[in-house]
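Model the full structure from these sequences, guided by the hints.
Listed here are the chains, written in short residue letters.
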Amino acid sequence: MATVSDDVRARRAISPFSRSFWLSLLRLLASLAVTFVGLLFITFLIGRVMPIDPVLAVVGDKASDEIYQAARLAMGLDQPLAVQFAYYLGDVVRGDLGTSLLTANPVAEDIARVFPATLELATLATIFGVLFGVPAGVIAAVNQGRWPDQVVRVFGLFGYSMPVFWLGLIGLMVFYGVLGWVAGPGRLDIFFEDVVPQVTGVILFDSLIAGEFEVFRNALGHIILPASVLGYYSLAYISRMTRSFMLDQLSQEYVTTARVKGMSELRVVWLHALGNVMVPLITVIALSYANLLEGSVLTETVFAWPGIGFYITNALLSADMSAVLGGTIVVGMVFIGLNLLSDLLYRIVDPRAR
Amino acid sequence: MKRRSLLLAAGAFAAASALPATHHAAIAATPADTLVIATAIDDIVSLDPAEIFEFSGGDAANNLYDTLVTFDPNALSKGFQPGLAESWSISNDGRTYTFKMRKGVTFTSGNPVTAHDAEFSLRRAVALKKTPSFILTQFGFNADTVMDQIKAVDADTLVITTDKKYAQSFLLNCLTATIGSIVDKKTAMAHEKDGDFGYEWLKTNTAGSGAYTLHSWKANESYVLNANPSYWRGAPSMKRVFVRHIQESATQRLLLEKGDIDVARNLSTDDIAAIAGNKDLRVDEDLRGRIMYISLNQKDERFANPKVREAFKWLVNYEGMANSFLKGQYVVHQAFLPLTYLGELKEKPYTLNVAKAKALLAEAGYGNGMEVTIQVRNASERLEIAQSLQNIWSQAGITAKIESGTAKQILGEYRARKHSIYLGAWGPDYPDPHTNADTFAHNPDNADEAKLTGKLAWRNAWDMPEMTKQTSAAVEENDTATRATMYVDIQREHQKTSPFVVMLQKIEQTGLRANVKGFVTGSAISSVYYWTVTK
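Chains G and P are the protein sequences, given in the same order.
Adding 241 to a residue's 1-based position in the first sequence gives its number in the numbering used here.
Adding 186 to a residue's 1-based position in the second sequence gives its number in the numbering used here.
Hints are computed from structural coordinates only; laboratory data are not their basis.
Since we're looking at a predicted model, the values are computed, not measured.
Even glycine gets a Cβ: it sits at the ideal position worked out from N, Cα and C.
One should not assume that every hint holds.
[As the list claims (entries may be wrong)] Computed cross-link-like contacts, DSS-like style, restricted to lysine-lysine with a CA-CA straight-line distance of at most 25 Å:
1. G:K303 with P:K389
2. G:K303 with P:K337
3. P:K315 with G:K303
[Unchecked claim] Residues of chain P placed beyond 12 Å of chain G at every Cβ, according to the derived structure:
4. V345
5. K389
6. R430
7. T437
8. N539
[Unchecked claim] The following label-pair restraints were derived from C-beta to C-beta distances:
9. P:D229 with G:P321: 30 to 38 Å
10. P:V517 with G:A353: 44 to 52 Å
11. G:L286 with P:P492: 52 to 60 Å
12. P:P492 with G:P321: 40 to 48 Å
13. G:L269 with P:N391: 37 to 45 Å
Below you can see the structure in the form of structure tokens.
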């Protein structure tokens with residue numbers, strides 16, 4: 242027989258403010274903090290043991306020894322590594338990501354400028370990859386071994402194996418140079434720069450918020466090609482994975498049962514089989530999205546796209562550690578965030594995980 | 187049933203295909219009063235003229251600030267001309283320079299340009315001790331003495347006193363460099379923090395009297411300049427200048443062909459060749475000051491042997507490189523002063539001669555060859571040069587390993603004298619022959635502890651007291667013709683005996699839309715000018 246106290250305990254267990262809820266939240270935060278400190282420390286260490294001299298990035302090749310030493314002191318590089326790291330961590334905790342050596346700007350400000358550029362590109366690319374990749378994978382699986390499967394395979398392999406750099410240049414030559422269907426490199430035509438105030442940093446949003454549709458159109462014209470090139474790459478991956486997940490599902494007994502029951506092939510494939518593929522597929526899509534969010538240096542270079550990939554790479558090559566670590570924090574957060582998000586989505590699409 | 191699913195999928199494809207159908211109206215040309223330039227600007231780390239020392243920063247400063255002494259962009263070969271200083275006189279002992287300020291010139295803030303601003307700017311550059319400060323401190327200024335040595339007597343008169351007598355043109359040439367830029371004292375000091383003379387603020391803002399003001403600078407992305415309508419040399423015809431960071435040559439070429447940009451400054455040999463026949467475009471060629479050389483570390487006793495040093499000078503395919511993969515981008519040049527400089531030496535005594543080099547190596551006791559390492563930055567043309575050298579050297583029995591890395595990696599080793607053979611470039615810092623003579627032919631203390639890291643002769647541990655004396659004498663010689671002869675003599679000796687193999691001098695090829703006139707890159711002595719451009 243249930244007692245009153247049992248009832249109270251049961252209610253506590255489901256209440257969002259119960260002790261166990263707070264405990265698990267604390268545990269999650271603690272593990273996040275440890276992950277972050279570890280991530281930062283390893284990045285910091287790699288940056289410091291690399292045979293690259295950050296002082297030279299600031300003072301240049303021709304500096305006299307006196308000037309070189311003064312800059313080294315000012316940058317705190319005379320301190321032991323552990324002390325340097327402790328200083329850095331202290332600043333980060335206070336919300337100060339430091340100042341980039343290369344851009345003379347606060348790192349937080351730089352990232353607020355470059356990350357939205359990458360976010361915009363990666364999001365469109367992923368939408369493109371999913372819109373085309375999932376149906377292509379399903380078609381390939383349904384037609385296993387026949388010509389549609391081969392077409393998808395060749396198309397996918399081409400996207401996966403062609404260097405993004407080359408694909409980008411060819412794309413620019415054809416669609417911008419010859420056909421004039423899209424705008425050229427960069428995020429906007431220069432004449433539209435600084436027309437809309439930065440709210441989110443994502444120009445497609447900011448232009449709509451400001452009601453500047455001409456700017457929106459221009460931004461869309463600029464982003465469509467790089468997003469398609471990156472999207473093609475993720476399409477290739479997503480379609481291959483969808484195909485193999487689908488093949489696995491289509492050989493299951495419930496599919497045979499459904500067909501025997503006279504259910505239409507459309508429902509069997511697109512509803513039942515695809516529905517069951519969703520869980521692993523979400524992980525694949527989230528990972529592919531996260532990879533794109535790290536920034537694609539080559540695509541960013543070809544399209545003169547000032548994103549985070551270019552920013553971090555440039556900083557790394559000059560041992561501009563504040564910038565590198567700032568970028569690492571952002572990329573780390575993206576991975577952790579997307580992991581949490583895909584966990585959450587599992588629960589929605591898979592009742593067993595609830 | 188399968189057909190149905192196929193149809194459905196085809197429908198999905200068709201729907202998605204409609205997505206990228208945003209038609210972009212191609213812009214035929216940039217507006218008539220706007221100049222759009224594509225170039226690499228990722229070397230800008232600061233916009234403070236006391237700190238700027240890289241090419242792109244110098245380009246920006248040349249249009250944002252003025253100097254006391256300047257050049258006429260339309261007649262660069264005439265040498266230095268009055269700038270913010272209208273005239274100057276020099277005392278009999280050759281140590282005191284009195285500058286009279288040009289009247290009626292204002293900063294873009296509206297404040298008048300006075301001798302007090304000039305005093306502030308030069309003192310500030312000395313006190314901040316940034317890398318280019320040596321251009322001023324080599325005249326004996328330091329934080330303690332500068333108050334007496336650089337002095338505004340009144341609003342119109344500035345007096346500079348050097349520690350000893352130098353060639354007059356030496357100081358005047360040095361004042362044309364970016365570090366000689368005159369900063370608006372009132373504006374800079376309004377942003378001063380902890381006695382920094384406004385340094386933190388001026389890193390990303392400007393306070394000059396130049397042809398343009400800074401509208402925005404986004405590092406690694408772009409900078410935008412607005413014309414200064416009351417510029418003392420006349421309002422610029424280009425009201426706005428957009429400089430966009432675009433690294434890829436192929437991307438620059440596409441933009442130029444489409445008319446989305448007016449000027450492309452980093453086109454590769456292939457892309458230059460490809461646009462050659464396009465009547466809407468033009469290619470300008472301009473000799474720049476950058477010199478490509480290799481140097482042999484004298485700490486390695488093999489290279490300390492004069493015969494070995496000479497052998498390497500016969501082991502470069504000078505013409506072969508300049509006529510093939512570097513075509514149009516470099517000319518053969520074998521002396522440390524760039525062509526067009528006072529005292530230039532045009533003689534090119536060395537050619538590719540493997541047999542002669544082999545004989546020299548045999549005489550030196552290296553008939554069986556040797557193993558060496560070439561340290562080089564991983565920039566494409568430098569790697570190609572390294573490969574050419576590697577190939578030629580193998581014919582003389584020299585096995586070369588190429589060690590490439592980022593600039594900061596390679597330079598760290600070079601400055602610590604830890605390299606074997608360094609392949610690199612050197613650009614002059616100011617338009618006076620002493621700039622290169624001081625680094626290639628002057629080493630007053632060869633000890634490791636001396637740490638004269640700014641001097642290439644020291645980096646290569648080359649001890650040459652006699653030539654050091656001659657270089658010191660040349661910078662003090664006031665008779666220009668005699669001075670020029672002194673540099674020619676030093677370079678002839680340098681060509682023969684030094685551990686430096688000077689190979690090439692840079693030509694800048696600029697791709698322009700045909701309607702762009704008056705784009706001056708600054709040749710070997712200056713930086714780019716935007717205010718001379720018309721369309």
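Looking back at the hints listed earlier, which ones does the structure fail to meet?
As far as the earlier hints go, 2, 5, 6, 7 and 11 are violated by this structure, in ascending order.
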